[in-house]
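Trainee: Sequence:
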Amino acid sequence: MTTQGRHLDRLTAVDASFLTNESASSHMHVGAILIFEGPPPRYVDLVEHVRGRLHLVPRFRQKLVVPPLEAGRPLWADDVNFNLSYHIRHTALPEPGGEAQLKRLAGRVFSQQLDRSKPLWGLWLVQGLERDRFAILTKTHHAMVDGISGVDIGTVLFDLEPVPEPAAVEDAWVPQKSPSTAELVGRGLGDAAGLPIKVAEKAIGAIRHPESAARKAVEGLEALSAVLSQFADPAPDVPLNQEIGPHRRYVWARSELATFKRIKDTFGGTVNDVVLAVVTGSIRNWLHARGVRTEGLELRALVPVSIRTEDEHGNLGNRITLMRGPLPVYIEDPVRRLHTISEEMAGLKESKQALGAEMISRFNDFAPPTLLAQASRINFSTRLFNLLVTNVPGPQVPLYVLGRELEEVFPVAFLPQNHALAVAIMSYHGKIGFGLLADYDSMEDIELLGTGITDSLGELETAAGESAAAA
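Anchor point for the sequence shown: position 90 equals 92 in my numbering, and the numbering is continuous, going up by one each time.
Calculated from the structure, these hints are not laboratory results. You may find that some hints are simply not true.
Stated by the list, open to error - 27 Å max Cα-Cα, derived DSSO-like pairs, lysine-lysine:
1) Lys433 - Lys105
2) Lys120 - Lys179
3) Lys433 - Lys263
4) Lys266 - Lys433
What the hints assert, rightly or not - Between beta-carbon pairs, the in silico distance windows are:
5) Glu101 - His249: 15 to 21 Å
6) Leu162 - Ser87: 24 to 30 Å
7) Arg118 - Glu407: 16 to 22 Å
8) Gly432 - Gly349: 28 to 34 Å
9) His290 - His9: 53 to 59 Å
10) His249 - Val176: 38 to 44 Å
11) Thr183 - Glu245: 35 to 41 Å
12) Pro96 - Ala174: 57 to 63 Å
13) Glu72 - Gln115: 21 to 27 Å
14) Leu162 - His290: 28 to 34 Å
15) Arg12 - Gly298: 18 to 24 Å
16) Glu72 - Glu97: 49 to 55 Å
17) Ala169 - Tyr88: 18 to 24 Å
All residues carry an ideal CB built from backbone N, CA and C; glycine is no exception.
Turn these sequences into a full structure, and let the hints guide you.
Mentor: Shown next as structure tokens:
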């Protein structure tokens with residue numbers, strides 16, 4: 003496995019966009035609640051366990067450095083004051099140590115913005131969970147890792163068996179010295195000077211291969227048109243889209259992956275279509291509880307799509323593009339909801355929408371920081387979507403930390419500005435965990451959405467059973 007993490011790597015435009023979109027009320031970190039069978043390990047043992055793996059993810063010992071005078075995007079530099087005990091913390095749940103107490107703790111942890119003067123990650127060892135279990139909460143800034151490669155990072159921290167082979171011993175880590183202001187300015191000017199060369203190389207390529215260049219130009223215009231046309235069809239105004247604060251609530255729901263596959267096999271589409279249908283049903287019921295009429299109402303979900311290739315697994319950083327998926331809450335029948343979503347998602351995959359979003363990010367690679375900040379906000383506009391829904395495929399084999407088996411995973415997404423709800427889904431070892439992150443003040447009834455996930459899935463499961471019985 004290859005892993006990026008060189009001293010003074012520059013952030014990509016997509017990575018930097020998560021910094022420019024972050025604010026005091028909109029935190030751009032992601033993570034997970036990991037629940038293990040007990041008993042919990044000693045704090046010092048967990049620290050040493052992670053210390054022995056850090057050479058596999060060198061980015062975890064690097065911090066941001068920002069060039070002065072907007073001389074290029076930020077860079078990653080070794081943190082000469084790196085202290086592992088700052089990043090790994092421990093706490094205990096109050097009695098009775100149930101899931102309600104763990105959810106409240108998760109809400110508080112994910113309300114706290116990461117300190118940009120240090121490496122952008124943290125772990126919390128949580129003791130006192132009922133039934134002799136414990137939890138680990140993970141938090142990483144989205145500028146450092148996307149959801150798909152986050153699985154790679156988790157894999158190097160986990161073991162595939164209770165008693166693994168001893169990890170290779172790392173040579174003593176010696177951080178490289180921090181860059182001077184002059185060095186940062188020089189690197190920025192050097193990158194800027196290189197842009198005309200890149201443009202010229204593309205121009206030469208177009209002259210040598212005019213037919214290919216013309217075809218790509220047409221495809222590019224169609225793709226950008228597909229993205230910009232979405233502003234003519236804005237997401238509807240619903241209670242999910244309002245000013246948010248810095249504090250968070252967090253709940254989860256759980257199911258079996260086999261249930262989703264059985265529904266998919268019965269009614270067609272994909273597992274992701276079933277996931278979107280389940281989320282749609284939950285939001286429909288929640289809107290009704292709020293007194294919101296849903297006739298003719300179709301919400302829009304921002305759905306990240308990985309464009310990471312197999313060769314790029316193990317590399318940190320974001321390789322994602324975005325699609326705007328349908329959530330037809332106007333449809334009462336759960337099966338018809340699923341069919342509608344499957345048809346629309348199939349059409350989106352054939353359209354130029356995702357390609358257009360990727361082209362915007364490619365354009366940002368050539369943009370100065372001020373223009374980058376403006377362009378990056380296009381993808382997070384409230385005119386485009388009502389909520390974020392991200393589905394991450396996880397490992398389907400059991401994982402271990404210090405001999406304790408990981409039982410469940412509940413992922414955590416982020417809330418863009420003026421978006422009060424984000425839903426993250428992750429499969430692991432035959433299970434699926436839904437994690438719902440919400441604004442604390444405006445989403446006091448978030449538990450309704452959590453139970454609504456279970457109820458919505460139950461409707462589809464019942465329909466699939468009835469269909470099988472009638473066959």
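Trainee: A separate judgement is required for each hint: does it hold in the structure or not?
Mentor: Each hint tested on the structure:
Among the hinted pairs, Lys433 with Lys105 is consistent with the structure: their alpha-carbon atoms are about 19 Å apart, no more than 27 Å. Restraint check for Lys120 and Lys179: the C-alpha separation of about 15 Å stays at or below 27 Å, so the hint holds. This hinted pair checks out: Lys433 and Lys263 have alpha carbons roughly 11 Å apart, not beyond 27 Å. A threshold of 27 Å between alpha carbons decides the hint, and for Lys266 with Lys433 the separation of about 16 Å falls inside it, so the pair holds.
Taking 15 to 21 Å as the suggested C-beta distance range, the pair Glu101 and His249 conforms, at roughly 20 Å. At roughly 27 Å, the beta carbons of Leu162 and Ser87 sit within the given window of 24 to 30 Å. The given range of 16 to 22 Å is broken by Arg118 and Glu407, whose C-beta atoms sit roughly 35 Å from each other. About 31 Å separates the C-beta atoms of Gly432 and Gly349, a value consistent with the hinted range of 28 to 34 Å.
For His290 paired with His9, a C-beta distance near 54 Å keeps the hint of 53 to 59 Å intact. At about 40 Å, the CB distance of His249 to Val176 agrees with the hint of 38 to 44 Å. A hinted range of 35 to 41 Å holds for the C-beta pair Thr183 and Glu245, which are about 37 Å apart. Separation of Pro96 from Ala174 is about 41 Å and departs from the stated range, judged on CB atoms against 57 to 63 Å.
The hint said 21 to 27 Å for the Cβ distance between Glu72 and Gln115, and at roughly 23 Å that hint holds. At roughly 45 Å, the beta-carbon separation of Leu162 and His290 lies outside the given 28 to 34 Å, and the hint is violated. Evaluation of the 18 to 24 Å hint for Arg12 and Gly298 yields a failure: the beta carbon distance comes to about 47 Å. For the pair Glu72 and Glu97, the beta carbons lie near 52 Å from each other, so the given range of 49 to 55 Å is met.
Taking 18 to 24 Å as the suggested C-beta distance range, the pair Ala169 and Tyr88 conforms, at roughly 22 Å.
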